[in-house]
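Counting from 5, one number per residue, gives the positions in the sequence shown under the working numbering.
Heads up, some of the hints might be wrong.
What the hints assert, rightly or not - Derived EDC-like pairs (lysine to aspartate or glutamate); straight-line CA-CA distance at most 16 Å:
#, residue 1, residue 2
1, LYS71, GLU119
2, LYS47, GLU84
3, LYS88, ASP36
4, LYS45, ASP31
5, LYS45, GLU57
Hints are computed from structural coordinates only; laboratory data are not their basis. No experiment lies behind these values; they were computed from the predicted model shown.
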Amino acid sequence: THCSLLRSFFDSHDFLFFPAVYNYLLDITTWDKNIRRGFIKVKIIDNDGNTVESQKNSEASTFQQYKRVKIMIGFHRDMEKIAKISLTFSTKTFIGPRKKLRILQMKLKSLNNPER
Numbered sequence: 005t006h007c008s009l010l011r012s013f014f015d016s017h018d019f020l021f022f023p024a025v026y027n028y029l030l031d032i033t034t035w036d037k038n039i040r041r042g043f044i045k046v047k048i049i050d051n052d053g054n055t056v057e058s059q060k061n062s063e064a065s066t067f068q069q070y071k072r073v074k075i076m077i078g079f080h081r082d083m084e085k086i087a088k089i090s091l092t093f094s095t096k097t098f099i100g101p102r103k104k105l106r107i108l109q110m111k112l113k114s115l116n117n118p119e120r
């Protein structure tokens, strides 16, 4: 049998500019009596007014009364001095009236910089 040699060249130019992802763990406890299922979008604002929004979550989370839910979220930029945090709850494709998520406790922890 004849074995042919295959040469391949890969262009990695496009990969040089991929934005870094800064991961955070969002720990939420809700006090809604009814089970809520949906997506959380997080917006962080620093002391200078710079804003960064979390990337889209592909999986919906289920929120039950007094149950902790941990969600890994990612940002394209890291914010060192956080002044405000804004959460948006969305059911997106779920059918039904618009719902609010009543938060009892929330923690946001940087996984890239755990000392913060």
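Going through the hints against the structure:
For the given pair, LYS71 sits about 26 Å from GLU119 by alpha-carbon distance, which is inconsistent with the 16 Å threshold. Restraint check: the Cα-Cα separation between LYS47 and GLU84 comes to about 14 Å, which is no more than 16 Å; the hinted pair holds. The hinted pair formed by LYS88 and ASP36 fails the criterion: a straight-line CA distance of about 24 Å is larger than 16 Å. Distance check on the hinted pair: LYS45 and ASP31 sit about 13 Å apart at the alpha-carbon level, within 16 Å; holds.
Proposed proximity of LYS45 and GLU57 is supported: the alpha carbons are some 7 Å apart, at most 16 Å.
The structure is inconsistent with the numbered hints 1, 3, although it conforms to all the rest.
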